[in-house]
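Given next are the chains, with one letter for each unit.
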Amino acid sequence: MALILDVLVQFVQLALVLSLAPLLTGYIRKVKSHLLRRRGPSVLQPYRDLFKLLRKEVVLAENASWVFRVAPYIVFATMLIAAALVPTFATGLVFSPAADLIAIVALLGSARFALALAGLDVGTSFGGIGSSREMMIASLAEPAMLMIVFTLSLLAGSTQLSSVSAFLHGPEVGLRVSLAMALVGLIMVAIAENARIPVDNPATHLELTMIHEAMILEYSGRHLAVIEAAASLKLLLYLSLIGCVFVPWGVATAGQGFGAFAVGLIAYIVKLAVGGFLLAVFETVTAKMRVFRVSDFLGAALMLGFLAALLLFVSQSV
Amino acid sequence: MDRLVLDVAHLFAGGLVLVSFLLLYQDRMFGLLNTFALHALVVSLSVAWQAYIQLAPHLYITAAIALVVKAIIIPVALHRIIVRLGIHRTIETVVGIGQTMLAGIALVALSILVMLPITAEAGTLAREDLAFSLSVILLGLLMMISRRNAVSQVIGFMSIENGLILAATAAKGMPLVVEISVAFSILIALIVIGIFLFRIRERFDTVDVHALERFRGEQL
Amino acid sequence: MGLTILLSCAGILLGASVAAVLGARSKTTTSLVYAIALVASTVALGTACSILLTDPPAIESVQLPIGLPWLGAHFRLDALSGLFLVVTNLGSAIASLYGLGYGQHEQAPGRVLPFYPAFLAAMNLVVLADDAFTFLLTWEFMSLTSWALVMAHHRHVGNAKAGYIYLLMASFGTLSLLLALGLLAGPGGGYGFDAIRSATAAPGVTAAVLALTLIGAGSKAGLVPLHVWLPLAHPAAPSHVSALMSGVMTKVAVYGFVRIVFDLLGAPGWWWGAVVLTLGGVTAVLGVLYALMQHDLKRLLAYHTVENIGIIFIGLGLALAFQANDMRWAAALALTAALFHVFNHSVFKSLLFFGSGAVLTATGERDMERLGGLIHRMPLTAFAFLVGSTAISALPPFNGFVSEWLTFQAILLSPKLPQWLLKFLVPAVGAMLALSAALAAGCFVKAFGVTFLGRSRSSVAQHAKETDVFSLSAMFALALLCLIAGVVPGYFMDALAPVTHQLIGAQLPPQEHLRWLTIVPIAENRSSYNGLLLFVLIATSAWLAAYLIHFWASQQVRRSAAWDCGFPDASPVTQYTADSFAQPIRRVFGTLAFHAREEVHMPPPGDMRPATFHAHLRDLAWDTLYAPVERFVGSAADRLNRVQSWTIRAYLTLVFGAVVVLLAVLAVWH
Amino acid sequence: MTDLGALLAKATLLVPACVAALLALFPDDRLTARLNSLGALVTFLASTGLFFVRPAAGPFLIVDDVNVVFIVLTTFVGFTTSVFSASYIAHELEQGRLTPVYLRFYHAMYQTLMFAMNLALLANNVGLMWVAVELATLTTVLMVGIYRTPAALEAAWKYFILGSVGIALALFGTILVYLAARSVVGEGLDAMAWNVLVKRASAFDPALLNLAFVFLLLGYGTKVGLAPLHAWLPDAHAEGPTPISAVLSGLLLNVALFAVLRFKMVMAANPGALAPGPLMVTLGLISVLFAAFMLYRRHDIKRMFAYSSIEHMGIITFAFGMGGPIANFAGLLHMTFHSLTKSAIFFSVGHIAQVKGTQAMAEIRGLTVSHPVLGWGLVLGVITIVGLPPMGIFMSEFLIITSTFARQPVLAVALALGLLVALGALLLRLNGLAFGEPRGSSARTEASFVPMFAHLSLVLAAGIYLPPALVSWFQYVAGLLG
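Chains as they are written, first to last, in our numbering: chain W, 1 to 318; chain R, 1 to 220; chain Y, 1 to 670; chain V, 1 to 482.
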């Protein structure tokens, strides 16, 4: 009985992230356009786009193989599961033992792997540009992310997200320089991974600066819709990750009953709103950088993560 | 009596060393041949003396071989060869005669030094004789490497052999001496024949094909 | 009993190789030899598995009256050798299955068949050997037979040189192992491993032995900077042999290291761990960077082996460090990670080499720049290769991820280590490991994408045919194994427990009874992973999404030309090539790692000459280590060679000098 | 029983002598080769008899544990080489490189050489041994020069001069030994009988023994071909007929080394004498390193393997110099394996040079393609000689290095490096010779491969399983060597 209830809660979270993701994207766009003194599309626009695309037919390049057609669903599913495993309004959900932080990072890697292959499948130069640059960025972003994971798990003595956020919620954390470094690093990684300014511009189609958009250039119809959904899920995932780790207040733990869940839900939405707003402001005030400056940007993130971990290693003496 | 016997033996041995130095000193071909004849003569005399004092008649054979082959036949044969092949009459030396003599003295000193630790109960042949024969051998080697002519090198080798014969005969009661000396004479005869057959004019190494050897395989 | 079976299997294999010499002409010999090899290694595999799974594992040993007269040949079967026998014979069995099909395309079977079974037998015997002489003999015999297999295609440019460098490096390694074991055996000549185990070595001796073992086993496994032979030799061999060399033989080298350092050498010092860790980390990163720069498919795979060896040695180094500080369970975790990676790498590296072999037979090409679009011509091979690529890139839910995950867990335990050097070193190595994992993903996006996806870059690639059923079955068996080991790793980790128990005296908590087959190496609230659940969830949700969309929304598809930002049908030449794919990473890491230089000749407008682009890479290990040695030997040979053309008088002078010198020595000696 | 043994011993000596005389007189040049092999076979059988029945040690001849293995080995290799030489010489006749007259001469000389070597091995009298070695030198000199090309004459002459000097030094050493013995044993043959010398050596004057050993080592060492006394060896191997190269490398070097060993035993038996070890170790190590580097710049295939012989003689001398039961055992083992392997290599090289019409390695390519049996034979031989398993040489080198490393790490490392350098050179050449696109004529060879593979399979079998009888012999001799 209790098991069924846990599973139910888990699926609630799954549905929640799935439904909230496009909204978050729309909200960020809205804020950005307000900051630019434009009215901008409504926050529900992403939903409309998705449904529009879903109903359109797919135009496939002659050369596209099954990889091209399967990849979107793989990406979407992986992203969905990963997002569902990050605690949003409650920790200690029933599936959370299935994957710890390292596994979640690896899941994102799988999604990227599939998408990069899809970019190469049609055999156009732009797809190649996209994939190779994406892998270059990933080759720096992923270690940086793992270093941050090291930092957190060394602090909490666990790579299990629930334990981490529980620990960081607890009193004995205090204010730590490595935590600050980790936060900065994580934000930088999140920006790079979600193809936001200054690393990449989600709105551009200027050929030579594209990275993520170049990979999915050949996609259309439902495939494109699924990929867009996956992208917004990824953004949501990172925001909720930052939220549950660095501002763990209000997060309920499993089996606390519906009251706690409701509080957690409200806290979660507030966090998303604040995070999205900050992101929009940041993107508005910064300019995109050259592709080969990205390595320096992410190298800095890697260094931050490494220093944070190193500090903890050195401070933890037996 | 015994004293005198040994002294005579020493006299011959020392004389042999002296003649070896004379060989080193020579710078004309024919003079060298004559000196070598003298060398062989001294050897045969000392061998004969040993035969006499050891009451070992078979040693007379060795003495005879030494006398006939090395004191007479070979010098004559070499004389012929020199004339026939028109070999230069002067001896090409690697280093000056003077340095060679000095080196020779050093060698004699070395051989005496080496013989010192030998206990005297080595028998009637005292260290000195052994030292003498050793120095004769070393002087012969020195001659072989300090002369460029084939002939003088052969003569150097034969003086080595004389030194060996001296040691062998003086080693009282050593068996097979005759056989060994015979075997050696064959060796020498072959060498002389070799010089003649191979038409070796000046040096052992006139036809030095390996100076031409160039590496043609794949490099490392 | 088990030992007897294994030895007789090796004997059968040796007999088969002798028979193959006689009947190397006919086609039937090919099938026969591979069939015998398949059967023999399958039997051996079964035996080894049974040994590993019996609890507690029975230790058998036997002494045969061959080899060193007064010593005899000792063979021993324990948990460690059991594990490596499983790895060896699994690889051998599937390679033989593959060979049943692949071997038919062999131009010169006479150069492969006699050596192939002997190679398998040698690898088995190395793992079984229990005295220094037998160990080294079988070890070098393994090198010799694999050398012969590398020389099978000796007419191809570079293969002969590859074989030469390989055999030279192998003998170098064997010599240093020989010195190491000679040190352990001592002047009495106690060559038996049990005698060595019972003896205790002095600290200086242990240091020397560790260094020599690192050189000896490391040169065979491909540790940087001793790796130079590996990317030359492994691709040169026929592909199923490449798979064996890369997937299995390097593991036998790891076995040699583990056997000597963990088993024979006694209690480790903490700095051993530091040394091994550093080597492992450097090897991992450099290996994958080298791999990324290749455009020869098989060479890319070979270089990538170097990376995985680095990962394995990272695990081993951690285990040593923990053991030195008496943190046994942590050491057990690290060792389990390393050994599990040994198994995993042998599986997917063999799979990938099989795939490259299928491509080679279908197109006759190893150069990715002339391949492409093969997924349409050989879909099954492509699928298997894709699974292998995903697994080797350490992506869930496949097996490669699990062992790397365990390694990360071990790294996260290391702050408890007291030594400061380790405190600084371990996170750095962790960063290297993360970096190499990420780069590996990029490397295999390139390998799979350029080879199988896109449009064909040559006519051979256009007219490729799917490979035969034997090869396919071999590949799919391995692909299945990748998935199984990825989703239910608990069983495999439990199978490793006796090994860690034998070597360290501790083992991980048993995994198979946990809820939903989750693996929990340390504690529930610390870390856990469940590949099965992830796999099921992802699969169902992907399928569900696709189903719903096709059912509710749309399912029409229209084929048309690629959009490509509106460029009209560009030729396949405009695709991204292997080199251009690697270019961003070459820009980021290449200048540091191997002095990469890019030369662009762009003719002025109106000039008809084509623009050219050259990327120059240098192997620093070769430049700094091997080239000087080569130069020294060459110059020394040249100098000494003058002696050859001296005159007789000069030679006589040598003799005279020798006499005088010895006499002088004698005079002085008194 | 012992009279039968004496008969066998005499047969071992007399058969070659008589056959030699017979061959010298025998006009027919077709049967001579067969007669030659037949004589060698009979000699071999007679000597194998010595395994089972031994004569009592006489003043001149002796058969004991020390030499019985070597005498059998020598006669065996002599026999196989004669079989090889039959097919080799036939080809030389066709090519017209040898006239029938020279052929008679050649066969007579071959048997004389066999006689000389057997005599040197069986001799109990050190003077007799010296005479035998000198005889062997003379015969080989004549055979090396048999082709009468300038190069051959040059080589023969070089060999002749250096060999004679070496012989002279050895004789002086022998005289000194007699002197040392005389004062203890008394005058006469006993003072030169080897078994007596060993028994009574402890009482000899150490100073004389030391001096004697220096001369004997240098004298016979010249024949062994130790650097820096080696100069005659490469050219003599390269320019003579290949069967003679095989016999030189396989047997004559062994015989000379055997002489050194006998005197080393005398030295070992005398407490006061200086330990011969350091001298031998130094000479051996010099030879190994020198030969290893010399191997790289060779272009003549036979000269290359001659240098490899120098290297291996160095290894063996090194082993005996190190001493101790394991090293001595390994040294004896290595002597045996080397003579078998190197002669096998020269068998294949001989056929290769004949079929390709050149000895220049740059002209010989891809043998395993053009002549599979010959090529793989060469590959097998080289793999054996560089000490790769499962061949026997791996065992001996394993024992030498490990036993040395425990006592003298530096020496062991130096030796190991020497071996590695030599291996590099030989494998480099092997790559060119055996693999790659074939070059040069690919005519069929009517060669007899039996001797080559017989030798190699013997080495292989020994590497895997050594018969206990052999082991006990070697261990006994190793004990004597101290």
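Errors might be hidden in some of the hints.
If we take Cβ atoms under 10 Å as the criterion, some of the chain R residues that face chain V in the derived model are [as the list claims (entries may be wrong)]: (1) V83; (2) L85; (3) G86; (4) I87; (5) P117; (6) L134; (7) G173.
Derived DEER-like restraints, expressed as beta-carbon distance ranges [said to hold, decoys possible]: (8) Y:Q104 <-> W:K56: 34 to 42 Å; (9) Y:Q419 <-> W:A262: 32 to 40 Å; (10) W:A287 <-> Y:L380: 47 to 55 Å; (11) R:L116 <-> Y:W622: 15 to 23 Å; (12) V:S202 <-> Y:D326: 57 to 65 Å; (13) V:G357 <-> Y:V573: 47 to 55 Å; (14) V:V184 <-> R:H88: 49 to 57 Å.
If you want the ones that stay clear, here's a sample from chain W, every Cβ over 10 Å from chain Y, calculated [said to hold, decoys possible]: (15) L5; (16) L8; (17) K30; (18) K32; (19) L154; (20) S163; (21) H169; (22) E172; (23) N194; (24) T204; (25) P248; (26) A254; (27) V281; (28) F282; (29) K288; (30) L312.
Calculated from the structure, these hints are not laboratory results. Quantities reported herein were computed from a predicted structural model and do not represent experimental measurements. Just so it is clear, CB atoms sit at the ideal spot from N, CA and C, and this is done for glycine as well.
A quick look at each hint next to the structure:
1. Because the beta carbon of R:V83 sits about 22 Å from the nearest beta carbon in chain V, more than 10 Å, this interface hint is broken.
2. Checking R:L85 against chain V: minimum C-beta separation of about 16 Å lies over 10 Å; hint violated.
3. Hint status for R:G86: violated, given a least beta-carbon distance of 20 Å to chain V, over 10 Å.
4. A hinted interface residue such as R:I87 counts as satisfied when its beta carbon comes closer than 10 Å to some beta carbon of chain V; here the least separation is about 17 Å, so the hint is violated.
5. The interface hint given for R:P117 is met, as the beta carbon of that residue sits about 4 Å from the closest beta carbon of chain V, less than 10 Å.
6. With a least beta-carbon distance of about 7 Å to chain V, the hint placing R:L134 at the interface is held under the 10 Å criterion.
7. Checking R:G173 against chain V by beta carbon gives a least distance of about 3 Å; that is within 10 Å, so the hint holds.
8. Evaluation of the 34 to 42 Å hint for Y:Q104 and W:K56 yields a failure: the beta carbon distance comes to about 50 Å.
9. Here the CB-CB span from Y:Q419 to W:A262 is close to 51 Å, at odds with the stated 32 to 40 Å.
10. In this structure the supplied range 47 to 55 Å holds for W:A287 paired with Y:L380, their Cβ-Cβ distance being about 49 Å.
11. Under the hint 15 to 23 Å, the C-beta atoms of R:L116 and Y:W622, about 59 Å apart, miss the expected range.
12. Against the hinted window of 57 to 65 Å, the Cβ-Cβ separation of V:S202 and Y:D326 comes to about 58 Å, which satisfies the hint.
13. For the hinted restraint 47 to 55 Å between V:G357 and Y:V573, the CB-CB distance of approximately 51 Å keeps it satisfied.
14. In this structure the hint that V:V184 and R:H88 lie 49 to 57 Å apart at CB holds, the actual value being about 52 Å.
15. Here W:L5 stays apart from chain Y, with its beta-carbon at least about 16 Å from theirs, past the 10 Å limit.
16. For W:L8, the shortest C-beta to C-beta distance to chain Y comes to about 15 Å, beyond the 10 Å cut-off, and the non-interface label holds.
17. Separation of W:K30 from chain Y is adequate, the least Cβ-Cβ distance of about 26 Å exceeding the 10 Å criterion.
18. At the 10 Å boundary, the C-beta of W:K32 stays outside the reach of chain Y, the nearest C-beta of that chain being 25 Å off.
19. Against the 10 Å criterion, W:L154 falls within the reach of chain Y, whose nearest CB is about 6 Å from its own CB.
20. Against the 10 Å criterion, W:S163 falls within the reach of chain Y, whose nearest CB is about 5 Å from its own CB.
21. Residue placement check: W:H169 keeps its beta carbon more than 10 Å from all beta carbons of chain Y (closest about 14 Å).
22. Taking the minimum C-beta to C-beta distance to chain Y, about 16 Å, the non-interface status of W:E172 holds against the 10 Å cut.
23. Every CB of chain Y lies more than 10 Å from the CB of W:N194, the least distance being 17 Å, so the non-interface label holds.
24. The beta carbon of W:T204 is kept farther than 10 Å from every beta carbon of chain Y, the shortest such distance being approximately 12 Å.
25. The claim that W:P248 lies off the interface holds: its Cβ sits roughly 16 Å from the closest Cβ of chain Y, which is beyond the 10 Å cut-off.
26. W:A254, annotated as away from the interface, keeps every beta carbon of chain Y farther than 10 Å; the closest lies near 13 Å.
27. Here W:V281 stays apart from chain Y, with its beta-carbon at least about 30 Å from theirs, past the 10 Å limit.
28. For W:F282, the requirement that its beta carbon stay farther than 10 Å from each beta carbon of chain Y is met, with the minimum near 25 Å.
29. Chain Y leaves W:K288 outside its interface by the beta-carbon criterion, the shortest separation being 17 Å against a cut-off of 10 Å.
30. Here W:L312 does not stay apart from chain Y, with its beta-carbon only about 7 Å from theirs, under the 10 Å limit.
Of the numbered hints stated above, those contradicted by the structure are hints 1, 2, 3, 4, 8, 9, 11, 19, 20 and 30, listed in ascending order.
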